[in-house]
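Participant: Below, each chain spelled out in residue letters.
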Amino acid sequence: MNQSADQNFDEMHKPDGSIREAYHGYNNWLSKQDASRMRRKGSEAESVFRRTGITFNVYGESDAEERLIPFDMIPRIITANEWRRLSRGIEQRVRALNAFMYDLYHRQEIIRSGRLPERLFRHNAAWLPQMVGFTPPGSIYTHITGVDLVRTGPDEFMVLEDNARTPSGVSYMLENRETMMAMFPELFTQVKVRQVSNYPRQLAKSLAACAPPCAEGKPTVAVLTPGIYNSAYFEHAFLADQMGAELVEGSDLRVIDGRVQMRTTRGYRPIDVLYRRVDDDFLDPLTFNPNSVLGIPGIMDVYRAGRVTIANAPGTGVADDKAIYSFMPEIVEFYTGEKPILANVQTWRCADPDSLKYVLENLAELVVKEVHGSGGYGMLIGPTSSKREIREFRAKLEAKPDNYIAQPTLSLSTCPVYTRKGLAPRHVDLRPFVLMSPEGVDITPGGLTRVAMKKGSLVVNSSQGGGTKDSWVLDD
Amino acid sequence: MLGRTAHSIFWMYRYLERAENTARLLEAGHRMSLTRAEDAANAEWRSVITTLGMRGDYEQHFDDYTGAHVCDFVLRSKLNPLSVLTMLEKARMNARASRSAITGEVWEAVNEGWMVLSDMLARQVKESDLGTVLASIRRQSTLVRGATHGSMLRNEIYSFARTGTFIERADSTARILDVKYYLLLPSLAHVGTVLDTSQWDNVLQSLSGERAYRWLNSGRMDSRSIADFLILDPRFPRSLAFCYSALRENLSALAQLHGEETDAHVAMRAAEMALSDRRIEDIFDQGLHEFLIEFIASNQTISNTIAEAYRFTA
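Sequence lines, in order, name chains R and X.
Residues in the first sequence are numbered from 1 upward in steps of one, following the UniProt record's numbering.
Residues in the second sequence are numbered from 1 upward in steps of one, following the UniProt record's numbering.
Hints are computed from structural coordinates only; laboratory data are not their basis.
Any given hint might turn out to be false.
As the list claims (entries may be wrong) - Which residues of chain X face chain R? A partial, calculated answer using Cβ under 10 angstroms: (1) L2; (2) M93; (3) A97; (4) R311.
To be verified - Have a look at the derived ranges for each label pair, beta carbon to beta carbon: (5) R/I256 <-> X/T103: 45 to 53 angstroms; (6) X/T103 <-> R/G258: 31 to 39 angstroms; (7) R/E46 <-> X/T103: 21 to 29 angstroms; (8) R/R119 <-> X/E260: 58 to 66 angstroms.
Glycine included, each C-beta is placed from N, C-alpha and C at the ideal position.
Use the sequences and the hints to build the structure in full.
Facilitator: Here's what the structure looks like:
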């Protein structure tokens with residue numbers, strides 16, 4: 001890929017090399033920093049991450065069982081104005097997603113009205129017939145959502161992906177800020193940045209507000225993790241710790257007397273809200289995957305009896321589907337009655353013959369993704385792929401067109417990273433985290449900025465070598 | 001708290017204590033081997049392996065007892081399922097599994113210790129580096145203990161941490177004594193041969209008790225008071241009496257919190273009876289070896305009943 005910095009929108013520098021408004025304060029500080037001090041700080045940060053165990057596990061790599069996500073110390077900065085518009089757009093989108101989930105599992109007005117083809121979710125692996133007609137406590141499905149945003153110009157923010165299943169990365173958002181404040185405390189007295197450290201408290205509050213009616217007194221919240229070998233275990237432990245909740249595994253839980261109960265040193269005690277970080281498939285071996293050793297037999301019966309809250313609700317993974325994504329503008333309009341504030345990326349559904357024809361003819365320019373894929377796996381980035389890779393992908397696409405969507409190769413915005421030779425632009429995206437409860441929607445200012453650490457690369461996923469940055473929203 | 005978390009905490013502290021005790025044992029063994037002829041030195045290394053209960057595993061792989069083989073086997077060998085390196089890994093895994101039950105300070109002490117030591121133990125330790133490595137193992141354990149003491153809430157979690165520590169420590173002291181018990185028998189001291197005080201030093205050193213003992217006994221050494229010191233002195237933090245007094249304290253805290261006693265409490269009280277209000281002569285009369293064997297078995301029973309009473313596993 002031969003995109004150089006001047007062809008992309010850069011978050012910090014204008015094409016003429018001057019500094020954008022968002023970075024004025026930061027640049028004032030940066031220009032006074034000594035290069036050797038910055039380098040030293042960079043390696044200090046790494047040793048802090050190692051010592052505190054902020055690591056992730058990579059599937060299929062036995063030699064490097066715990067790895068660090070590269071951290072870059074140049075923040076990604078968003079102005080107060082930009083954030084106002086973004087957060088309105090995000091709230092609108094998340095409210096629409098929740099309403100969409102309710103509708104899909106109830107009257108399906110959106111299908112009756114002809115705006116969404118029925119086959120889209122009928123063949124969707126994340127669709128759960130067990131959820132039909134059931135209303136979760138508070139009518140909340142998407143308790144926690146991560147909305148992946150990309151930017152292509154000064155005002156062009158677009159949603160690339162919705163993560164309503166089990167969005168991860170929020171612990172990095174929090175730890176990146178802690179690390180930055182520890183490394184450069186004086187910076188935060190010079191530039192006023194909106195804080196993110198409230199997230200765990202907000203999460204605890206938001207989850208508690210979704211407790212089922214049978215909860216007595218202060219609701220008992222627990223985080224369900226697949227265990228210490230899971231790639232996001234650090235985050236599960238971190239959030240449980242920060243919320244003061246129990247961190248449970250499937251083997252700690254059992255259905256007793258119609259409640260989900262955890263084995264404590266004093267016997268079994270009921271759980272009111274389960275923030276699960278396992279997929280639907282591994283929730284209940286009686287209902288879903290009978291081979292799962294992670295799940296809790298009978299939990300779905302308890303859930304359907306309204307005696308435990310599962311966050312996010314089972315079956316919300318439908319919203320992560322990339323074919324559904326392509327209908328999001330219609331979905332937002334249908335449920336909110338408003339035009340979407342945030343645009344979608346143009347998307348060709350390969351299930352549609354005309355689109356498929358176009359995609360096949362333009363493979364070398366497009367990005368093609370599996371509809372159920374995530375984590376940057378199983379995708380083709382036309383412009384950076386070899387002829388052979390494209391040929392192989394073409395065969396897969398022709399064999400199973402329903403399984404794919406295609407998008408133009410976006411010129412994602414860049415943000416400088418700190419390298420040994422000074423600042424260098426790298427592509428970034430942004431994942432804000434959104435909480436929803438009957439009490440309202442709460443969006444933490446900023447989110448997680450993911451950055452492709454390789455020059456020119458568009459892949460920001462940590463499983464593919466991407467790094468992260470602290471993300472700032474400036475205070476007014 | 002979760003039964004599984006109690007299990008992780010209990011074993012995390014047991015493994016850390018065991019790693020530390022093992023390092024101490026190696027230090028004493030190494031010191032001893034420096035002042036001995038080869039045969040006696042090898043006998044010393046054999047007794048280290050015996051004390052650690054690794055004889056079966058060791059002899060499957062080696063037919064001699066040299067310092068290099070023993071140290072490598074005990075510290076880091078993949079042939080040894082309970083090497084110090086493995087214990088540190090297990091301690092860290094348990095800490096990770098109960099990450100939300102321990103403070104950040106404790107976790108960092110465990111994690112950092114593991115990073116430093118797994119690096120030191122990545123290759124065979126040269127004899128010239130042995131002292132540094134062993135001191136590091138003890139130091140890491142000290143740091144975790146300090147972080148635990150200074151940052152953990154005195155609640156159920158803390159009680160399980162301390163319970164694990166003292167069960168392990170009592171086991172270790174009893175094992176060291178049992179391997180060397182014949183040195184302490186009054187009958188041998190009465191034989192009137194030249195007293196081998198360096199052997200006694202060695203026993204005291206394996207328990208970091210040489211300084212305390214000298215201080216209490218103004219430099220006099222006799223087997224009776226050494227045995228008395230290591231078994232019954234409530235002031236020495238590695239004596240059986242001290243361990244059980246701490247164990248009682250922490251199990252009582254659990255009983256108070258839970259509003260009831262368990263089988264573990266019954267077993268603990270019986271074991272403590274065998275220690276309190278007893279004179280060392282009574283223990284010699286019963287037979288030191290028999291006493292220690294019984295002690296080790298009942299210590300194990302207490303550990304098992306704790307696991308059961310507090311639902312460590314489903």
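Participant: If a hint holds in the structure, say so; if it does not, say that too.
Facilitator: Verification of the supplied hints:
Taken as an interface hint, X/L2 checks out: its beta carbon lies about 5 angstroms from the nearest beta carbon of chain R, inside 10 angstroms. Of the supplied interface hints, the one on X/M93 holds, with its beta-carbon coming within about 7 angstroms of a beta-carbon of chain R, less than 10 angstroms. Satisfaction of the interface hint for X/A97 is found here, the shortest Cβ-Cβ separation to chain R being roughly 5 angstroms, below the 10 angstroms cut-off. At a threshold of 10 angstroms, the smallest CB-CB gap from X/R311 to chain R is about 5 angstroms, leaving the interface hint in force.
Between R/I256 and X/T103 the Cβ separation comes to about 32 angstroms, which falls outside the hinted range of 45 to 53 angstroms. About 36 angstroms separates the C-beta atoms of X/T103 and R/G258, a value consistent with the hinted range of 31 to 39 angstroms. In this structure the supplied range 21 to 29 angstroms holds for R/E46 paired with X/T103, their Cβ-Cβ distance being about 23 angstroms. For R/R119 and X/E260, the Cβ-Cβ distance of about 60 angstroms falls inside the hinted range of 58 to 66 angstroms, so the restraint holds.
The structure does not agree with numbered hint 5 stated previously, though it agrees with all others.
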